[in-house]
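Novice: The chain contents come next:
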Amino acid sequence: MDNEVAIIGIGMHPFGRTDALSGQQQGAHAVREALKDAGIEWKDVGVAYGGSQDGGNADALSNQLGLTGLPFVNVANGCATGGSALASVIAAIQSGMAEIGVAVGFDKHPRGAFNPKPKDWGLEDWYGETGLMLTTQFFALKTRRYMFEHGITDDALVRIAQRAFRNGALTPHAWRRRELSYAEIAESMAVNLPLRKFMFCNPAEGGAALVLCSAKHARKYTANPVIVKAAVMRTRHHGSFEVFNPGLAAQQSPAPTVMASRAAFEFAGVGPQDIDVIQLQDTDSGSELIHIAENGFCEHGEQQHLLASGATDINGRLPINTDGGCLANGEPVGASGLRQVIEICTQLRGQAGQRQVPGTPRLGYTHVYGAPGVSAVTILQAG
Amino acid sequence: MNLDTSPKLACPDLLRLGGEHPVLLGSRCTDCGEVYFPASEGCTRCCSTAMETFALGSFGTLWSWTIQGFQPKSPYNGGEAEADFQPYGVGYIEMPSGVKVESRLTLADPAQLKIGMPMVLVLLPYRQVPGEAPVYTYAFAPA
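Protein sequences, first through last, are from chains A and B.
According to full-length UniProt numbering, the first sequence is numbered sequentially starting from 1.
According to full-length UniProt numbering, the second sequence is numbered sequentially starting from 1.
Misleading hints may appear alongside valid ones.
To be verified - No more than 25 Å apart at the CA atoms, straight line, and that leaves these computed lysine to any residue pairs for SDA-like: (1) B:Lys73 with A:Asp19; (2) A:Lys197 with B:Gln112; (3) A:Lys119 with B:Ala83; (4) A:Lys117 with B:Gln112; (5) A:Lys117 with B:Gln86; (6) A:Lys117 with B:Phe85; (7) A:Lys197 with B:Pro110; (8) A:Lys119 with B:Gly78; (9) A:Lys220 with A:Gly46; (10) B:Lys114 with A:Lys119; (11) B:Lys114 with A:Ala250; (12) A:Lys119 with B:Ala39; (13) A:Lys119 with B:Gln112; (14) B:Lys73 with A:Lys220; (15) A:Lys220 with A:Pro372; (16) A:Lys119 with B:Lys73; (17) B:Lys8 with B:Met117; (18) A:Lys117 with B:Val129; (19) A:Lys119 with A:Gln351; (20) A:Lys197 with B:Ala83; (21) A:Lys119 with B:Phe54; (22) B:Lys73 with A:Asp125; (23) A:Lys117 with B:Ser40.
As the list claims (entries may be wrong) - Per the computed footprint, the stretches of chain B lying under chain A, defined by three or more beta-carbons under 8 Å from a beta-carbon of chain A, are: (24) 22-29; (25) 55-69; (26) 94-102.
As the list claims (entries may be wrong) - Sample of chain A residues lacking proximity to chain B, with all beta carbon distances greater than 10 Å (derived): (27) Tyr182; (28) Glu187; (29) Ser309.
Rather than coming from a laboratory, the hints here were simulated on the basis of the structure.
All of these numbers come straight from a predicted model, not from anything done at the bench.
Where a beta carbon is used, it is the ideal one built from N, C-alpha and C, also for glycine.
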């Protein structure tokens with residue numbers, strides 16, 4: 001395709017807790033890092049899309065980066081904020097609106113679990129008051145049913161968390177850098193069985209930004225561009241098992257992840273077997289468990305064996321969440337999807353240090369999923 | 001259920017009382033027959049707005065479950081002190097229409113909860129604050 005778009009710069013503010021900096025300051029830091037990586041300046045940027053959930057407006061970053069008059073669009077798509085911003089920048093570049101675009105996500109959440117308000121979700125007060133409106137509960141209920149239907153045991157949940165913290169320990173910018181033993185995870189507090197404390201990620205802070213341009217100009221800026229082969233976002237259909245649902249339909253339908261994944265593979269003209277390195281949404285062990293199959297990397301039920309055999313480790317056949325994922329990095333909602341893209345770019349450039357996937361990875365994959373039933377997938381290729 | 005006066009309910013519109021067991025109320029699309037809980041003003045399956053009240057019944061089977069292991073933040077209003085919080089069961093109950101209803105469970109013991117077990121609708125005093133009338137919600141108990 002002669003209309004392809006490439007990532008020419010990546011930048012992050014490390015995830016975790018940075019008391020001295022606002023979410024917007026962390027977002028601006030990420031943009032500056034990405035501009036430096038691309039060897040350009042903010043005034044060279046022709047369009048920007050960005051967002052946060054709790055960190056304020058993205059277009060206010062211009063107050064720190066420079067008031068250059070560029071079109072800067074705020075994106076608010078929950079966990080798919082980064083993915084939506086990226087897809088929008090790509091469309092803007094492909095349309096000829098700008099030569100260079102920036103996608104940025106950042107956030108700064110209060111400590112502890114999210115506490116959503118029923119009315120914001122079109123629900124009545126009783127749902128929250130009686131103790132049913134918790135994301136952790138939803139993940140547990142969905143995971144329990146999935147394990148029942150596909151014959152999976154708690155062992156798989158422990159191994160996902162263990163691998164995340166093992167990879168996090170190899171990742172200099174990760175938040176949680178201590179490896180945890182199998183027993184520490186398996187015996188940690190029962191938050192919402194079958195999910196335990198160390199099987200959940202925490203809300204966090206951080207920023208992530210990308211600089212993109214038309215692939216045919218990419219080598220003007222960098223020796224190692226990453227081509228975006230697909231960037232797809234989809235929302236739920238009737239019958240999908242989503243968060244904050246007092247009732248589920250009689251007939252289940254495929255998740256938004258399945259629709260986004262299929263469309264992305266079709267756009268890119270490749271299949272799951274071609275992918276060398278993978279990032280999957282792992283707000284909790286159960287979600288990653290389900291997402292391995294929903295994204296086409298195995299059949300439902302095969303995860304138990306894949307995880308136990310080490311196939312999803314950095315040296316395995318299907319390296320998943322090489323930087324420790326959300327479990328080790330925390331989840332600043334606005335930034336999380338772009339962190340995944342940055343990790344894949346780092347792997348495809350061969351710059352991932354101790355966590356580098358062996359060989360010469362050529363194709364990478366990212367996947368986010370979140371409330372109220374959205375998913376965004378990218379397929380990335382070393383340029 | 002022996003209650004001297006009519007119970008204070010967190011969600012009165014969801015329940016029909018007076019029979020041997022409480023009955024859960026939802027809605028059904030008169031165009032395509034899809035059933036909703038709680039009642040919905042429109043059908044997300046066929047996009048119709050022709051909906052009628054539908055009684056989901058009092059009996060179902062356990063479709064999935066978890067134990068709420070920590071005290072939820074507001075808007076939860078169980079009213080107990082943090083130190084007094086007791087984990088509670090939560091599940092989806094598959095009703096005869098096939099719709100699954102999210103509900104508090106009367107049990108919170110993993111050893112006693114099995115997917116597929118028969119369940120019956122009851123009222124549960126989920127908020128019990130001294131000096132106040134208890135507030136009830138719907139819940140499912142083993143049948």
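Novice: It remains to establish, for every hint, whether it holds in the given structure.
Specialist: To see whether the hints hold, each was checked on the structure:
no.	hint	in the structure
1	B:Lys73 with A:Asp19	holds, 23 Å
2	A:Lys197 with B:Gln112	holds, 22 Å
3	A:Lys119 with B:Ala83	violated, 29 Å
4	A:Lys117 with B:Gln112	violated, 32 Å
5	A:Lys117 with B:Gln86	holds, 23 Å
6	A:Lys117 with B:Phe85	holds, 21 Å
7	A:Lys197 with B:Pro110	holds, 17 Å
8	A:Lys119 with B:Gly78	holds, 19 Å
9	A:Lys220 with A:Gly46	holds, 17 Å
10	B:Lys114 with A:Lys119	violated, 33 Å
11	B:Lys114 with A:Ala250	holds, 20 Å
12	A:Lys119 with B:Ala39	holds, 16 Å
13	A:Lys119 with B:Gln112	violated, 34 Å
14	B:Lys73 with A:Lys220	violated, 52 Å
15	A:Lys220 with A:Pro372	violated, 40 Å
16	A:Lys119 with B:Lys73	holds, 16 Å
17	B:Lys8 with B:Met117	violated, 29 Å
18	A:Lys117 with B:Val129	holds, 23 Å
19	A:Lys119 with A:Gln351	violated, 46 Å
20	A:Lys197 with B:Ala83	holds, 19 Å
21	A:Lys119 with B:Phe54	holds, 24 Å
22	B:Lys73 with A:Asp125	holds, 14 Å
23	A:Lys117 with B:Ser40	holds, 19 Å
24	22-29	violated (count 1)
25	55-69	holds (count 7)
26	94-102	holds (count 6)
27	Tyr182	holds, 20 Å
28	Glu187	holds, 14 Å
29	Ser309	holds, 27 Å
In terms of the numbered hints stated before, the structure departs from hints 3, 4, 10, 13, 14, 15, 17, 19 and 24, listed from lowest to highest.
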